[in-house]
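With chain A's structure known, arrange chain B on it following the hints.
Number of protein chains: 2
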Amino acid sequence: MNGNERALARELRWAGHVGAHAAIVDATSNEGEGGDVRVARVILMNIDALTHTKVWVRVLGASGDAATDEDAHARWRTTDEACGRRSNVYALLHVVAAPIGREWWERWIGERVGACALSVRAFVKNARGFPVLPKEAQAMVRDMFRRNIQIMLTDWNGAPDGCARETIAPGDVAGDEGRVGVDSAHPMRLYWEYLVYLFRGVEPASEQALAEAPYRDYLQAPLQPLMDNLESVTYETFEKDASKYIQYEEAVRCALLDLVPEGDEGSVMVVGAGRGPLVRASLRASERANRNIKVCAVEKNPNAVVTLQHLVAKEGWGDRVQIFPGDMRTCAADVRVDVLVSELLGSFGDNELSPECLDGAQRFLKPTGVSVPQSYESFVAPIAAAKLHDAVVSYKDLKSIETPYVVKFHRVHHIAEPKSVWEFEHPNNAARIDNERYARVEWSSEELGSASSTLHGFAAYFDATLYDGPAGCVRCSIHPHNHTLGPTGELMFSWFPMFFPIQTPVYIDRRGASPTKIEFYIWRRVDAHKMWYEWTIAKPVQGHIHNPNGRSYWIGL
Amino acid sequence: MNGNERALARELRWAGHVGAHAAIVDATSNEGEGGDVRVARVILMNIDALTHTKVWVRVLGASGDAATDEDAHARWRTTDEACGRRSNVYALLHVVAAPIGREWWERWIGERVGACALSVRAFVKNARGFPVLPKEAQAMVRDMFRRNIQIMLTDWNGAPDGCARETIAPGDVAGDEGRVGVDSAHPMRLYWEYLVYLFRGVEPASEQALAEAPYRDYLQAPLQPLMDNLESVTYETFEKDASKYIQYEEAVRCALLDLVPEGDEGSVMVVGAGRGPLVRASLRASERANRNIKVCAVEKNPNAVVTLQHLVAKEGWGDRVQIFPGDMRTCAADVRVDVLVSELLGSFGDNELSPECLDGAQRFLKPTGVSVPQSYESFVAPIAAAKLHDAVVSYKDLKSIETPYVVKFHRVHHIAEPKSVWEFEHPNNAARIDNERYARVEWSSEELGSASSTLHGFAAYFDATLYDGPAGCVRCSIHPHNHTLGPTGELMFSWFPMFFPIQTPVYIDRRGASPTKIEFYIWRRVDAHKMWYEWTIAKPVQGHIHNPNGRSYWIGL
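As given, the protein sequences belong to chains A and B, one line each in that order. So for the first sequence, UniProt numbering puts the first residue at 1; every next one is plus one. So for the second sequence, UniProt numbering puts the first residue at 1; every next one is plus one.
Isolated chain A, as found in the complex (with noise of 0.2 Å):
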């Protein structure tokens, strides 16, 4: 160890024993070759002795100049990676000039970032010479106070000496309004004001996202939806999404509108009734389209049905509806309906084993019938997650890797745009039925942008046509370009996205002239007892194949 390593690891020794918060390790100016390196070892070093002290490492967060900008990003992911990705060394984004554009900033939101510390040049005098920020970095800071990434101000400059500070003259601040509590003397005063303001333009967090916050980057291990039933309370979080119930109240009418001559009596079958919200649904529709119907409930879930029977006394259903207690795929019910409903979508669509169970259920069809849903399609896209992929590998087990997980992204960007993986439709009348999918997706190189990132896995989306004829057609979707909103404009939430994970990150290197591309497979496969996934990428570097066998993760038949 030299000098400096020395007086470092004795730096970071003191913040841990004064139980200081953070240490703010500089890596804008390790000089010399493999300065990197050479710190990240004192880090690593010192990093079990600094139980409640985070070690945040300074990179240049937003410098107005591109290539200073992948200099510090690439400085970063040698940190992290020489670290061995631990999870309390987090990047301190220093901001000394506008982003030079949203995919320069953004990517950070997908690194493991302690703070953002904007510095006073980062800011420009308007024309009554008070301090504000340029709109790019504006966007910035609202989406960092948005995703709860604390926010710093500082005169350092970013000298490489680390130390150097910018003058703020008080001639350099406009007039002094002395308010209360505020030190109206400090030089950074206005500044300081200023971020107040910004984020009091912070949209207020809507009643859903105040629900949701619990489940931010909180990873879901999938359901089982055949093997265990569902609890009530289960159902009762289900059942709160008015969108969806709204979106298949309408996609029933249609069906209804189309396939039934006015006059005629129709017939639906809900299966997977569960509480009821779709037999409602149903007879909502049945009102609205004018078209008397009856309607068949099927459900396996024995406690679920005695609140069903309930109901049919409760809200005078009468013999408009009529119950069969039993799985979908072999209960006994000699009827024959217009339209099949069914709410078994899960994030990824077919995940929780929609195909197979309406595959089982399409039997109680006309020749005619329709199922509500009519088909529904797949996506996966690249992100940058180290939050997700942290809480993965915390689990220190191969299992944990090769799980997709149900997860309210927060932390997470975007790499490039969600491409199609597979698309299922019902009824299949295919002479022999098969559900096993594969798919290769590849982002080129112009896809990917100008900025690198980190690869820590894929998001995964599902877009589903509930029904699409002549009366209309009725979409339900989590793809970010065609959510569904609710009747007040807020996005529907009985779905949160899907995470697959990959084993080991990968730097999105797009400094070179070389192009860069992330190549993508996935398979869906099912066997006699059940349904999984494998997946790998195989560009810019070739993983193992995720879950072969589904030796780690699977969904019972």
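Just so you know, these hints were derived from the structure itself, not from any lab. Heads up, some of the hints might be wrong.
To be clear about the criterion: a stretch of chain B counts as covered by chain A if any three or more of its residues have a C-beta under 8 Å from a C-beta of chain A, and this derived list gives those stretches [claimed, not checked]:
| id | segment |
| --- | --- |
| 1 | 44-56 |
| 2 | 280-290 |
| 3 | 537-545 |
Only part of the chain A face toward chain B is listed, based on derived beta-carbon distances under 8 Å [stated by the list, open to error]:
| id | residue |
| --- | --- |
| 4 | G34 |
| 5 | G84 |
| 6 | D319 |
| 7 | H544 |
Derived PhoX-like pairs (lysine-lysine); straight-line CA-CA distance at most 25 Å [said to hold, decoys possible]:
| id | chain 1 | residue 1 | chain 2 | residue 2 |
| --- | --- | --- | --- | --- |
| 8 | B | K314 | A | K539 |
| 9 | A | K314 | A | K399 |
| 10 | A | K125 | A | K240 |
| 11 | B | K539 | A | K539 |
| 12 | B | K539 | B | K419 |
| 13 | B | K54 | B | K539 |
| 14 | B | K539 | A | K517 |
| 15 | B | K399 | A | K396 |
Using N, Cα and C, we set each Cβ at its ideal position, and we do this for glycine too.
The following block gives chain B in isolation, referenced to the frame of chain A:
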């Protein structure tokens, strides 16, 4: 799964059922995008059912064309990585032409190769019309024989359908001598006879090579020379190597000539005398230099001391040899000697604590005294060594990945030349002795050659100067370019090299236009109780720093 995938799965399971030695899977003609990954998935899907059957993935090991060779190697990398580097999935090298150069086939030595299938197409006719191999193919085949890689003859001609065969018309081959035991009518007989001829041309293994055979590619955990006492059989092994003691004798002879005036009595201290080989060498040196000497023998192992005391009587050393039981760093002995002789070097020079021990023993030297060895330098080289890496990974823990091993290299390919990392000199007269070291070593694109390969870790060597003075310079080295030879020209065998693994093998891809570098960092660290190394790669990709704070491996002081 499509029809081809189903057919392949069926064949693999059949091979397993009949207990075939290996099932050959064709990766020379996986048509369509993503074919290699899809084939890998089918392999992976069935691999656990193949308990006794290996999978041999057929690739074009030598096609006569650089781009085709590179493509074949890249496809093998894809298959191997997609399969998660499973140890029962091998490359089967299909050779249809003379290799275009040494590095184009040598890189395969470092991959997991099951066999080499030599196509009759790779042969040419000599003047008498007999099939022979071109020179580079001969070199390759001879090397494969030496490394125990199975050679097969095949008339498959490399055509994409995997079945087309070369036509070997009877008229194509020269006269038939009807030898007994060989089917003289077989069209491949002459090819086979030529291979037998090549095999016979391979120099027979020396006695030493035979003795070393069980150690080939066998990972030996590092010794704990200070914490443990060696067993007699270990001394026995060490003492077998005449070449080493010839070097020591010569070094001591030169030192005595330079330091002890004719007629004076010299003094030699052997520290770590063991069962006395260096005492013997010193006495022989004394005779040859015509200088009388007194020898002090320091030894901490009480069991070895018994042998030493016995030797004093048995060999009639009388008062010429005095024994000091104890640790050279602490034992009491009121002597000052001309020459301090030790054999504490490890494969990497300093890895068995020679610096720390000699620093402790140098108080016994006169101000004019010298140490034998005087200095030693450590070297590292990037290597492809799938077999070693597989062995490291088979331990299934981080500890094993972060340990350097002593190993007799066999299926190892040097990707580039060794480079120096650091040096130690004795005696060390610095006011404050610092035996910590740091080195950053880089191999440029030019130094990495033209053929792509796989980096599994680093080979480590030492090159020592036992003595350098007016009377002569005596070296002792296992550096491949400078390996000390014994009296009959055989390699000194006391030290096998070391292997520093890296956690994730890296594809050194030489296909693109952009330059590729390998950058390696290594630290030697010492605290009050132990010495250890830390290491990482930083290019072409950043790895984690291995063994921080000696968490996985250390040598006790």
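* Numbers of the earlier hints that this structure fails to satisfy, in rising order -> 2, 6, 8, 9, 10, 13
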